[in-house]
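A.B. asks: All chains should be built: construct the whole structure from the sequences, respecting the hints.
Protein chains in written order, with our numbering: chain R, 1 to 251; chain D, 1 to 294; chain S, 1 to 321.
Honestly, I wouldn't trust all of these hints.
In silico DSSO-like links for lysine-lysine, alpha-carbon gap of 30 Å or less [what the hints assert, rightly or not]:
no.	chain 1	residue 1	chain 2	residue 2
1	R	90	R	167
2	S	7	S	156
3	S	104	R	90
4	R	167	S	104
5	R	167	R	115
6	D	169	S	106
7	R	167	R	128
8	R	121	S	7
9	S	156	R	90
10	S	7	R	128
11	R	121	S	2
12	S	308	R	115
13	D	92	S	2
Since the hints were made in silico from the structure, they are not lab data.
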Amino acid sequence: MLELQGITQIFGGVTALNDVSFSIRASDITGVIGPNGAGKTTLFNIVTGIYQQTGGRVIFEGSDISGMPAERLASLGMVRTFQNIELFGKMTVLENVMVGLHSRSSSGLFACSFKMPWALKEERRIRKEALHWLEFVGIADLADVTAANLPFGKGRMLEIARAMACKPRMMLMDEPAAGLNSQETVGLAELIRRIRDLGVTVVLVEHDMELVMDICDRIVVLNLGQKLAEGTPREIQENHEVIAAYLGDDE
Amino acid sequence: MELGTQLLQYLLSGLSTGAIYALIGIGFSIIYNATGIINFAQGEFVMLGGMLTLFLLSVLQLPLWIAIPLAVLLAALVGLLFERLAIRPLRKASPISLVIITIGGAILIRGLAMLLWGKDTHSLPSFSGDEPIMLGGATLLPQHLWILGITVVLIGLNKWFFSHTISGKAMRACSYNPRAAGLVGIDVRRMVLFSFVISAAMGALAGIIVAPLTMTAYDVGIMLGLKGFCAAIIGGMSSGLSTVIGGLILGVLESMGAGLISSGYKDAIAFVILLLILFLRPQGLFGKPESERV
Amino acid sequence: MKQELVKYLLFTLCVLLAPLAFLDSYLLNVLVFVGIHTLLAVGLNLLLGYAGQISLGHAAFFGLGAYLSGVLTTTYGWNPWLTMLVAALLVGGMAFAIGFPILKLKGHYLAMATLGLGIIIYIVFNEWVDVTGGPSGFSGIPNLQLGQLVFDSDLKNYYLVWSFVLGCVLLSVNLANSRIGRALRAIHDAEVAARVVGVNARLLKVQIFALSAMICAIAGSLYAHVMTFIAPPSFGFNISVELLTMVVIGGLGSIYGSFLGALLLTLLPEFLRFMHDYDIVFYGGLLMVMTIFMPGGLVQGIPDLFRKLLGLRKGKGGSHA
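C.D. replies: Structure representation (structure tokens):
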């Protein structure tokens, strides 16, 4: 479904990524792991259109998406969440998810200003669907809270709900377990499985090894900007190079 | 006058105004590099230079060679106050708030100047008389030479300060990475203060040396400030040679445009250039494109 | 959104009834200008407060609307209402076109670019004497008229201008509470995140810029026909700053706040005539004080002050106009 070919990224004098290639299969939950500084977030930013890679191509469902802006990727079915959750702090929880439905609605400036009936109807649909996604991640009771006031764990859930509202085909999550306690992490694992059950392909960048080994079907390991290994959790756990790279597991 | 001489005339006066723009532009760059803020009040420091000197000369009857340094000092003081009262409280504010507050400060300074000194335009005496000097058919006034000379000295001082003194290097460190600078013991807030003080002083001096030629009034700051900013943008916000070249290019183009095309639209030239650069090459003619870290 | 409806009805009521208190007063004339300024401030607020994009050149759109409408009506004999439409469309179109390159810039650079644009347009007003009359201004602009009704008195102009204001406020409030308003606020809060979930930030910003310019152009056209005389100083950088101050004081992102800001800054100079020379200092000081102490503007600051005094806590979410 997603193919990275020879991705290279050079910032000034630093080679953050060097010729990284791998594929993601549809309906998999794939984990991208590696020690700090391995280039995981950079890779993410390239795939999701925030950076433009120095070399190589990104192919999504057969089309070359290299250099496409983020909003176009969303319309193609690719959505991401951020490590430092980027919520719309001044808006309520419900409104945050409603923004996720922006690309799946179409009332324009005219229709909205003049409150045309079809715009009002669409607004009702948006609100209903947004509530549905809040229920899906389990924070429907917080619908009217201002997003900036959410505790971190709930904020993470909100970001996921917002991303799901786009009805993506692929969801990329940048360290979703970061900042979550062990109970929340268990909830997260279950949520990711439910997301996959809806037919969404999930790719995660993660440090939390338990989570990764638990839910991922495949794992890609990066180190110092290069792909170190690729395979099932069992294969990765037994790979000597991977163990050496980590030397002193997190947790 | 035949075309060749005309062009030479435009070139020379353009270089002289360009030098002023360069000095003002460097003032913008110093603050921007130290704080990330565009100081909309920069032009007012320029205005203060001229107006304060005038005040010291006429009211306090001080001789020119005392009035000038004193005026620069006073302007630097205003810069300090400005930083303390307006900028420091807002360190964490959004870009919009910072823009608004420097605009507010500019207006305030301008308003106070108007209250204190009225709305009239005044002229400052030239530093060494008004005998025109002939250069290949074109006329130069001694003041032009003062402008070019002082500009060169100031830029040299600037270069020396930033490359060879501890404070200067500390300020550069702050502009590259304030947090790291703080961690190695540099007092970032003090550096920010310095940047305002230095920019105010430079701006004031620029205002003083050009005042004998272009007159001074409470509202000269707006245009001069904007054109100085334009020079800084052309130079990619550097506090060195690039901005100087930016200023000179701007000054010459403006002078040529005013002479050859139309003098009424002269001011528009600077802004058209500004827009073109911002649209096509926002990093300036000499800068490298910036990439955002997410 | 019952709360919104109530607010709007109250506002409309006050607007419709206000003249009764000032029928023979000079203040009625001032209130006409409060209306024009409210239109301008609301227009700017959509761009500044909602979309979070700063413009220091909005007076130029105001001026373009005024001159286009004035010149087309007076020099070329067009119907004034038609010129208002044409001015709105032309200015909107021009803003749309220039919006794409200009809104790629952010923060200070955007501020400077809009400032530069505003000044270039101002210089054209001043220099193109053949068309605009230059610094001495352009006179002889006819009043607007609807059938037999000519808008030539303060009272009639009041209702003319404020009808437009009421319409504009209604549409803006609707827009603010719609998916577009949400998308704008999302762009303002976290543009990258908004783009990632599919909000076409670039296009939307340009659309709002164009809409904002159109509203200012319409205000300009109204101004020209009400004043019958226009001159460049009414459309310069100082005016852009005044508009900015109105929006900031009222409260970024609050439509009714813009009205408050416009009201305050138009009325104050009238009440404080002696302040004439102090007005510049006052604006500067006001801008600075408000930015430091009341960044949310009066709309947020006054209720906050009340709450602090009464010992209550801050409120939550709610409506967005």
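A.B. asks: Could you check the structure against the hints above and give me the numbers of any it violates, in ascending order?
C.D. replies: 9, 12, 13
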